[in-house]
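Dock chains E and U against the given chain C, drawing on the hints supplied.
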Amino acid sequence: MNLVRAAASNRVLRPVLSALGTLLGVAVFVFVMLRAIPGNQITAGLGTEAAALTPAQQAALEAYYGLDKPLVTQFFNWLGNIFTGNLGFSSRAQQSVLELTAQSLPVTLELAVFSIVLALLIGIPLGMLSASRPDSPRDAFGQAVGLMGLSVPSFLLATALLAILSATVRFNPNGQAFAYFSEDPLLNLQQMLLPSLVLGFGIAAPIMRTTRTAVLEVRGQDFIRTARAKGVGPRRLQVRHVLKNALVPIVTMTGLQFGYLLGGAVVVEQIFSLPGIGRQVLLGIQQKEYALVQSTVLLIALAFVVVNLLTDLLYRIIDPRVRAE
Amino acid sequence: MIAGRRARRGTAVAVGLSLAGALVLSGCAPAATSTGSAAQSGAAGAGGTLVVGVTSEPDTLFPWKATQFQAVNVLQNIYGTLTEFDKDLNVVPGLAESWDTSSDGLTLTLHLRKGVTFDDGSAFDSADVKFSLDKIKEEATAAVAAASLASVKSVDATDPETVTVHLSAPDAGLLANLGVVNMAMLSSDDTEAALNTTPNGTGPFTLKERKANQSLSLVRNDAYWGDKTKLDGVEFRVIPDESSIVSAMQSGNVQFAVFDDPLVAQTAAAAGLAVAKTPQLSYHVLQLNARKGPLTDVNVRLAMQCAIDRQQVLDTAAAGEGQITGPITSPAFRSDPNSRPCPTRDLTKAAEYLAKAGKSDGVTIKTIVSQGEYSTSVNEAQNLKAQLAEAKITLDLDVLESGAYVDRWIGADFEAAVALNGGRPDPDGAYSRYFTSTGNLNKVAGYSSPELDQLFAEGRQTSDLAKRKEIYTKISNNLEDNAVWIWMFTSYTYTATTSNVTGFTPMANSSLQYLRETAIG
Amino acid sequence: MTEISESAPASLAGVQSGQRLRLLLKSRSGVAGLILVGLLAILCVLAAFGLLPYDPLAQAPQQRLLPPSAAHWFGTDQFGRDVFSRVAAGVASSALIAVVAVAFATVVGTLAGVSAGFFRGVSDAVVSGVTNVLFAFPPLLLALSLASVFDRNWFTIAVAIAIVYVPIFIRVTRGPVLSLREIDFVRAAVSSGQRRTAIMFRHVLPNITSILIVQVTLSLSWAVLTEASLSFLGLGTPPPAPSLGSMIYEARTLVYIAPWTMVAPGVIVVLFVVGLNLLGDGLRDSLDPRNRGRK
Chain C
1 MNLVRAAASN RVLRPVLSAL GTLLGVAVFV FVMLRAIPGN QITAGLGTEA AALTPAQQAA
61 LEAYYGLDKP LVTQFFNWLG NIFTGNLGFS SRAQQSVLEL TAQSLPVTLE LAVFSIVLAL
121 LIGIPLGMLS ASRPDSPRDA FGQAVGLMGL SVPSFLLATA LLAILSATVR FNPNGQAFAY
181 FSEDPLLNLQ QMLLPSLVLG FGIAAPIMRT TRTAVLEVRG QDFIRTARAK GVGPRRLQVR
241 HVLKNALVPI VTMTGLQFGY LLGGAVVVEQ IFSLPGIGRQ VLLGIQQKEY ALVQSTVLLI
301 ALAFVVVNLL TDLLYRIIDP RVRAE
Chain E
1001 MIAGRRARRG TAVAVGLSLA GALVLSGCAP AATSTGSAAQ SGAAGAGGTL VVGVTSEPDT
1061 LFPWKATQFQ AVNVLQNIYG TLTEFDKDLN VVPGLAESWD TSSDGLTLTL HLRKGVTFDD
1121 GSAFDSADVK FSLDKIKEEA TAAVAAASLA SVKSVDATDP ETVTVHLSAP DAGLLANLGV
1181 VNMAMLSSDD TEAALNTTPN GTGPFTLKER KANQSLSLVR NDAYWGDKTK LDGVEFRVIP
1241 DESSIVSAMQ SGNVQFAVFD DPLVAQTAAA AGLAVAKTPQ LSYHVLQLNA RKGPLTDVNV
1301 RLAMQCAIDR QQVLDTAAAG EGQITGPITS PAFRSDPNSR PCPTRDLTKA AEYLAKAGKS
1361 DGVTIKTIVS QGEYSTSVNE AQNLKAQLAE AKITLDLDVL ESGAYVDRWI GADFEAAVAL
1421 NGGRPDPDGA YSRYFTSTGN LNKVAGYSSP ELDQLFAEGR QTSDLAKRKE IYTKISNNLE
1481 DNAVWIWMFT SYTYTATTSN VTGFTPMANS SLQYLRETAI G
Chain U
2001 MTEISESAPA SLAGVQSGQR LRLLLKSRSG VAGLILVGLL AILCVLAAFG LLPYDPLAQA
2061 PQQRLLPPSA AHWFGTDQFG RDVFSRVAAG VASSALIAVV AVAFATVVGT LAGVSAGFFR
2121 GVSDAVVSGV TNVLFAFPPL LLALSLASVF DRNWFTIAVA IAIVYVPIFI RVTRGPVLSL
2181 REIDFVRAAV SSGQRRTAIM FRHVLPNITS ILIVQVTLSL SWAVLTEASL SFLGLGTPPP
2241 APSLGSMIYE ARTLVYIAPW TMVAPGVIVV LFVVGLNLLG DGLRDSLDPR NRGRK
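Chains as they are written, first to last, in the working numbering: chain C, 1 to 325; chain E, 1001 to 1521; chain U, 2001 to 2295.
Since the hints were made in silico from the structure, they are not lab data. Among the clues, some could well be false.
Rough simulated footprint, nothing fancy, chain U against chain C, three-plus residues with beta-carbon under 8 Å [what the hints assert, rightly or not]:
| # | stretch |
| --- | --- |
| 1 | 23 to 37 |
| 2 | 92 to 103 |
| 3 | 138 to 151 |
| 4 | 154 to 165 |
| 5 | 174 to 185 |
Heads up, the beta-carbon is just placed ideally off N, CA and C, and yes, glycines get one too.
Extracted from the complex, chain C is given alone in its bound form:
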């Protein structure tokens, strides 16, 4: 009832409009920035051989790649096409950007989900362990593990793991052709194992710290002290009251990580040869395929914005104080 009224009111409309404005800003920004990078699709493809092109050949190539139209026209053509579902075409892959993204996005999503699950499995218990007795060796251990995750560069961990495992136990499922979950679930899970471990280890740290801080904070609060005084047992306290209230910042932090993972897994995707969306954008930037990069970045931004909106909503549901407003 409250939710319906809230939806109809300004409180929902404003964030949605702001989200749309953000997306437009992203579109303009990525459009301009790409063209500021030296080189274009012609020089990216031909390299120094592009110097041998005659003016007529140059003109033919520019027309072929759509580089001959004025910038403003290119921008509105691209945006206009997006609304009709045409995200552009990659001449390198000979597929539409929509098709390419439909193939690569699930890979990154799968990686993100597994990484978050692993991070939660590592981070929350560690955080609660640390918070159970602050400033004890237990706490130091938990924090140390968390710190390591935060500090080791992902590509260092990834390269080292891959090198060691390939050389010693010949475990390298990522050396085989990539298998989607629908094609070969077992191989797919094997190929996702190491990358999710690496990424999950990295983001377990903020989750662990947030859990620890949140649990400590909640424990010190009045209603907990009251429950204690009333005689509620420590374990029940821990799980039911403390964890539930600590969930809010943990959920926020997890939402942040998810948004980050969508584009930040580039390095891991490179090392483990996962055909995800981060690699798609990286290749697009290197080969100067403007439409590919623009549309994909816009999609990622859209996902990020949507996740933020959803997290916001979730927040309103969990936190009783917010709901009461």
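Frame of chain C; chains E and U shown alone:
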């Protein structure tokens, strides 16, 4: 209830851990069997799919526009050309079985091979040759090899098995130029758009399937005009990181890879893989723009030439993996690196040249160098800078990312450039476009002279090998005596294979054409 | 990975710096962090004044790939350069980039965030809009693209990283400022006619310093990692200038034959980032008003 929840959480963790353990354990087994299944070696030496590790996939499937080596490597195996190269880079028959040149050198008659078909089943004949050559010359096609056909006036399909090419001037380099994949023969019914999705060639392999950013698979062409390939197919698997390729070879998932970086090759060898090293036609050079700044004076250029110990550059930048070279790198015409004003470093002479140029106090050269294009660029630049500094020549280095470097290189917006340029089997193909006044890369080369124009024209006029060798030696000496550029060394390409791969011959032009003779098991 | 310190606005009671320092030293993580960062700072100073055992750029091809020994504590790399000297120089270089990047982000981000929170209206709309746009970008890809636009040197990379961080500082400062505005004595200052900018500097800024300090140390650690990732993608500071990231990148091909070339810079990066994080934690504990009054 709490105990229940706790227990449930504990169980979840335990289950998760055991699942992970199971995954890891089962992962070890398939890695071993995948070698078997990938090789599928039944009868000795027959069949199987070779998995080649590459860092990226081809950027185009249209042979007339392909310059990146991943694209060239794949397309060479799908498409055919009129002439081909053997492992010593001699021109041998391809789709043209034999040819005659008229005595005045103005008419080239090609006799085409009979019974050749394209992948779509249509017959290959002179109409396709005429179509291909005409289209390549046409500017609207934007074919990279167009300039190689500059001497071609017209092409006639005299009869289905004969093509007559009319030249405006004799062109001894034409037959070699016809052997590159950018001169692939396409069917007259095909368009670029169609070929981008479905290649249609006459080569030993055909395209089976392609997964964007993941892999590209070729399969044996049973209708090929030559010996059928021993392999059933080849899979080019995209593994973006070179160290990951080595790991994949160690675990047996990948059987073949080509590296440029000597360090990666060293790692591969240390990992127990067979690594063959092959000198390449491409050359490492310090390009000088003789039309800019202090370099307009030949004495400044000669001073630079004398101030550089090329072996030191080779040792520091490439761990000694290479050979000092002169301008011409193709084996049949190879320059003698000792026939240059300063074959070894001579700082006294360098100082003399600088004094002659009136620059005894020193000179500054704005130099561009790329980063990320090839592994040794920046280290070469650093060593050159250090060496030249001792001769009072300052290299003002601009380290550029490849897009920015290419832009400046194309616009000849530099005084000096540290570059790795591709070589060609025929010296005319390699250098006429740079060092003739009408060459399409002359602006970048920064130098031309009537003597060179004359010599290049002479070199095209005769097909006599001995005479041509003389002429190109003269060209090479001219380039060195005028210190047009500073040629340093050629490096190696490293072909790494697992022990069960046989029959592959690497080539100096880095072609993978001998995949057609490769076998596994 | 971006982390925002989500602590509540600092108490308005002024705390003497002496008391702060004592609290910092009481916190175990603070001390550990201080020691680690201090050690690495010594390395930086050594590198800056050329007091290293070898020249980090001097190549000696005869001594390629030597394992650690008395002469070369961390061994030599593929060009015969002393790895210890290079690592020290790399720490200095990474630290320089991180400090410049974070300084830039702090100044720009704080000014923008405080103005937006304090003055509201148009400036708030503009700043929030820009923040949202930058936040919606995947951070590594943003840094990558920005680094590709300009000539590659340490300064442009620092600026690229800074731009990625500005939104975080805006967000971290804007929130507390919004609530601070409503506090009585600020209101009183406004109604008594003091100039807005004076109020900003005299009353508002000092009270968000604690949050800023913590965010700065966290961002420093993250800038070091971002620079390392950029080097991995081939977009770091151009060689031969050593930076920890590019050293790890180059060592990837050597990990079988000369593991010390990766272990040394790798361990130092980890120690650097761990030290900065511990210091940040210690600072957070010492500056948290709830800790004051506790033993």
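To see whether the hints hold, each was checked on the structure:
Given a C-beta distance limit of less than 8 Å, the hint that chain U covers the stretch 23 to 37 of chain C holds, as 9 residues qualify and 3 suffice. Chain U is given as covering the stretch 92 to 103 of chain C, and this is violated because 0 residues of the stretch bring a CB closer than 8 Å to a CB of that chain, at least three being needed. Counting residues of the stretch 138 to 151 of chain C whose beta-carbon sits less than 8 Å from any beta-carbon of chain U gives 6, enough to reach three: the coverage restraint holds. Closer than 8 Å: that is the beta-carbon criterion, and the stretch 154 to 165 of chain C has 6 residues meeting it against chain U, so the requirement of 3 holds.
Counting residues of the stretch 174 to 185 of chain C whose CB falls under 8 Å from any CB of chain U gives 0; the rule of at least 3 is not met.
Of the numbered hints stated above, those contradicted by the structure are hints 2, 5, listed in ascending order.
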